[in-house]
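We have chain A; now place chain B onto it with these hints.
The listed protein sequences derive, respectively, from chains A and B.
Using our numbering, read the first sequence as starting at 5 and increasing by one per residue.
Using our numbering, read the second sequence as starting at -9 and increasing by one per residue.
Be aware that one or more of the hints could be misleading.
Claimed, not checked - Here are a few chain B residues that face chain A, going by a calculated C-beta distance under 8 Å:
{"no.": "1", "residue": "L183"}
{"no.": "2", "residue": "A184"}
{"no.": "3", "residue": "T186"}
{"no.": "4", "residue": "A187"}
{"no.": "5", "residue": "D190"}
{"no.": "6", "residue": "V193"}
{"no.": "7", "residue": "A194"}
{"no.": "8", "residue": "G197"}
{"no.": "9", "residue": "L198"}
{"no.": "10", "residue": "G199"}
{"no.": "11", "residue": "I200"}
{"no.": "12", "residue": "N240"}
{"no.": "13", "residue": "G256"}
{"no.": "14", "residue": "S317"}
{"no.": "15", "residue": "Y318"}
{"no.": "16", "residue": "R319"}
What the hints assert, rightly or not - Quick list of the computed label-pair ranges, beta carbon to beta carbon:
{"no.": "17", "chain 1": "B", "residue 1": "G134", "chain 2": "A", "residue 2": "L145", "range": "38 to 46 Å"}
{"no.": "18", "chain 1": "A", "residue 1": "H128", "chain 2": "B", "residue 2": "L304", "range": "32 to 40 Å"}
{"no.": "19", "chain 1": "A", "residue 1": "H128", "chain 2": "B", "residue 2": "P0", "range": "22 to 30 Å"}
The set of hints was computed from the structure by calculation and includes no laboratory data.
From a predicted model like this one, the values you see are computed outputs, not experimental measurements.
Using N, Cα and C, we set each Cβ at its ideal position, and we do this for glycine too.
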Amino acid sequence: MSALLSVSELQKSFGAVVVADASSFDVAQGEAVGILGPNGAGKTSLFNLITGSLRPDGGAIRFEGRDITSASAAARCKMGVARSFQIPQPFVGMTVFENALVGATQGAGLPAAEAEAHALDVLHETGLFAKANMRAGSLSLLERKRLELARALAAKPKLLLLDEIAGGLTDAECGALIDTIKRIHAKGTTIIWIEHVVHALMAVVERLIVIDFGRKIAEGEPKAIMESAEVKEIYLGIAADG
Amino acid sequence: MSTRIARSTPGARAAMVIAALGLIVLAAAPWWAGRADMRLLGEIYLYLSLAVLWNLMAGYAGLVSVGQQAYVGFGGYMLFALTMFAGLHPILAILLGGVLAAAISVPIAALIFRLKGAYFAIGTWVMAEVFRLSFAQASSLGGGSGSSLPVDVVRSLADSRSGREALSYWLALGAAVTVMACVYLFLRSRRGLALTAIRDSEVAAAGLGINIWRTKLEVYVVTSAFTAIIGGLIFLQKLRISPDAAFSVNDWTAFVIFIVVIGGIGTLEGPIIGTILFFLLRETLADLGTIYLIVLGLVAIVIMLKAPKGVWGLIRSRFDLELFPLSYRVRTDAPDKGA
Chain A
5 MSALLSVSEL QKSFGAVVVA DASSFDVAQG EAVGILGPNG AGKTSLFNLI TGSLRPDGGA
65 IRFEGRDITS ASAAARCKMG VARSFQIPQP FVGMTVFENA LVGATQGAGL PAAEAEAHAL
125 DVLHETGLFA KANMRAGSLS LLERKRLELA RALAAKPKLL LLDEIAGGLT DAECGALIDT
185 IKRIHAKGTT IIWIEHVVHA LMAVVERLIV IDFGRKIAEG EPKAIMESAE VKEIYLGIAA
245 DG
Chain B
-9 MSTRIARSTP GARAAMVIAA LGLIVLAAAP WWAGRADMRL LGEIYLYLSL AVLWNLMAGY
51 AGLVSVGQQA YVGFGGYMLF ALTMFAGLHP ILAILLGGVL AAAISVPIAA LIFRLKGAYF
111 AIGTWVMAEV FRLSFAQASS LGGGSGSSLP VDVVRSLADS RSGREALSYW LALGAAVTVM
171 ACVYLFLRSR RGLALTAIRD SEVAAAGLGI NIWRTKLEVY VVTSAFTAII GGLIFLQKLR
231 ISPDAAFSVN DWTAFVIFIV VIGGIGTLEG PIIGTILFFL LRETLADLGT IYLIVLGLVA
291 IVIMLKAPKG VWGLIRSRFD LELFPLSYRV RTDAPDKGA
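Bound conformation, chain A alone (with noise of 0.2 Å):
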């Protein structure tokens, strides 16, 4: 398997507070990794990065084998790069099926009759075809968070990137949600997950990644990675010792 994101040696800080030191990892075309870290850790602004959203000081990352440190946000869309935002953004007076529509037809850039087909899959995907003439602005806070995942969907991505869409669910949506994100990634999707909802990310991911302070602390099998010390003190404040 060849490597879809490389990322290395990325470094960033706003001034005395380091989002990124260092950190380097692969995420091979077709796998599922899930991100660890507690609050401030680090982890929506490796997104930023990722996506183009945030400049890094230093370092490098390469989707492809292509390097896309310098290339803007919407040039990474329109290669395979979308994202769910964990504050959701949504287009707030525009109806659940145009901002759909925007990712099918700006980041996709499907002719017209394709793109309203595919933003109708994706409603359906996603769950949210009986509000697709509502306005976003007036959707609760768990259809926002889903509306953020359709939109990215709709953008056709290689590399999509969840950014905790399963906060505040109960049991029973949570479950649809890990079977939504089971179906994208069986069709050949390749995704990177923050979660807080560990039960979630280790139904889904294949590897997880444990950042804190900006740097990667582990990295590894979901199960090995939760068991080991190094995180349960770091991650769940349990002291390594005790």
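Below, chain B without anything else, positioned relative to chain A:
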């Protein structure tokens, strides 16, 4: 069960029919309206055009400019300069003024697009002042005191006074219809969908593959060109130009912002409603002098506090109404399924 996408609604179709009938009646105004009424209607059309353009730029592209008087004045001065010194027909001069405004707006955009938010607004105002001071230096155009359109240029439009007034009226009506139609067709296109996305969230729009900078530049250049054409038509009605009148921030920007804000910013219907309200207020209160401006200010404050999305926003939140069919509506035709 089949699903299809519809863009038109019965309400919008009715609105289009009413608009078409209204347009025929308005186009016939030279046969039924008096001289003063036609002048007022012409002014309404030109203000409507300015409002629709400013709304596209500020309401959709997020470019809150308080310096569009730069292009109104530029267009006006181009009408005078190109007819007086190049001997062009006034209509040709006005159109060429639009092209020149587009050309000049590109380097200006490169400069002021570096500024964000309030700084951008101030930058546009400073730029408009630079325009005003520059044209005040042009002694061949009358310098600071300005000049009148020469009689032979005015005559080249039409021989009789009533013919000129009718022509100038139709030009204003035609300009308003053209501006509305262009903005409507643009917003309905896929690039209009991208611009609407930018209106609602720039960060999400960029993340979905929309080139924000280029879209804003296109909107700025096209808006500026049209604004200059409207400026040319405004001073074709006035027949006299001076730097203070041409580059007036009050007349060409403050009133326009008032219209868009009370009507409903970021919607196509808002500027129309705003223009009607503005002229209703002006025609009923104009005799009161200063009090008129105080009332305008009060109306603006009350609307901004009570209905931040303007009168149209208020209407739309009550009824799911759309005069211009921009939306995509998903319709499912369920085959006879029992209740």
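Each hint tested on the structure:
| no. | hint | in the structure |
| --- | --- | --- |
| 1 | L183 | holds (6 Å) |
| 2 | A184 | holds (5 Å) |
| 3 | T186 | holds (6 Å) |
| 4 | A187 | holds (5 Å) |
| 5 | D190 | holds (4 Å) |
| 6 | V193 | holds (6 Å) |
| 7 | A194 | holds (4 Å) |
| 8 | G197 | holds (6 Å) |
| 9 | L198 | holds (5 Å) |
| 10 | G199 | holds (4 Å) |
| 11 | I200 | holds (5 Å) |
| 12 | N240 | violated (30 Å) |
| 13 | G256 | holds (7 Å) |
| 14 | S317 | holds (6 Å) |
| 15 | Y318 | holds (6 Å) |
| 16 | R319 | holds (6 Å) |
| 17 | G134/B - L145/A: 38 to 46 Å | violated (59 Å) |
| 18 | H128/A - L304/B: 32 to 40 Å | holds (34 Å) |
| 19 | H128/A - P0/B: 22 to 30 Å | holds (27 Å) |
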